[in-house]
Amino acid sequence: MLRQAGHTVRVVGNGQEALDALEGEAFDVLLCDVQMPVLDDMETTRALRRREAGGSRLPIVAMTALAVVGDREKCLAAGMDAYVAKPIRWHVLQEALRQVVGARALPPVLDREVILERMDGQAHLIPQLLDLFRAGYPDLVGDMRRALAEVDGERLHRAAHKLAGGLGIFEPVGPGLTATRQLEAMGRGVDLCAAPPTLDFLESHIKRLVAALETWAEQMGPTPGSAS
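Using the numbering used here, you'd call the opening residue of the sequence shown number 404 and step up by one each time.
Please keep in mind that the hints were generated in silico from the structure rather than gathered at the bench. It should be emphasised that the depicted structure is a prediction, and the values quoted were computed from it without experimental measurement. Incorrect hints may appear among the rest.
[As the list claims (entries may be wrong)] Pairwise CB distance ranges (calculated):
#1 Ala456 / Met404: 28 to 38 Å
#2 Glu446 / Val593: 39 to 49 Å
#3 Lys489 / Arg611: 20 to 30 Å
#4 Val504 / Met623: 27 to 37 Å
C-beta: ideal position from N, C-alpha, C; glycine also.
Hey, can you work out the whole structure from these sequences and the hints?
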């Protein structure tokens, strides 16, 4: 999820390796599994906070599958800054990153180079494809909301699948397409518990994407053959 959203990720196997990595490299945030070997999450966090000793503070996000009452408070008391329960959902993780890191948690919503590469450099197609996507996505989002209201997994699956096709033109990889694929899978598995917040995130993300595409289209000027 993080790599698809444009982040650079370093993975280590335990708490001691995390501390070792932090000595030689600069990071924006540490995602800390609650049950790590060698040094667990609490020991790693306390060791890092002692090392910082009043200096710059690295944000730490706890990640755990054992979500029980009091876990969040224990993590925060140990010196962590946020808490995310597994299974990890992208919109929840993104919100945690936004809280502890700020704007750096939000990579650019539009990757123009990737889009142009997929279109073989034919930038003049962007406004036309944007018109088609902008006209069609609200109905698909509406279909998904009705599917959730009626607990209709098959309808959710179909609408998400169609939306992924259009969205993939402008976002071959990224949080929006990830959320769409998650909704598609939820519909297929008829497990809709996490679908409403995922759909809320997706709709918000698409609006940001469309706004960025509209700005890009305006910068291109009139398309070939259009009246002036």
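Here is what the structure says about each hint:
The beta-carbon spacing between Ala456 and Met404, approximately 33 Å, falls within the hinted interval of 28 to 38 Å. Between Glu446 and Val593 the CB atoms are about 41 Å apart, so this pair conforms to the stated range of 39 to 49 Å. Between Lys489 and Arg611 the beta carbon distance is about 27 Å. The supplied range of 20 to 30 Å therefore holds. For the pair Val504 and Met623, the beta carbons lie near 33 Å from each other, so the given range of 27 to 37 Å is met.
Violated hints: none; the structure is consistent with every hint.
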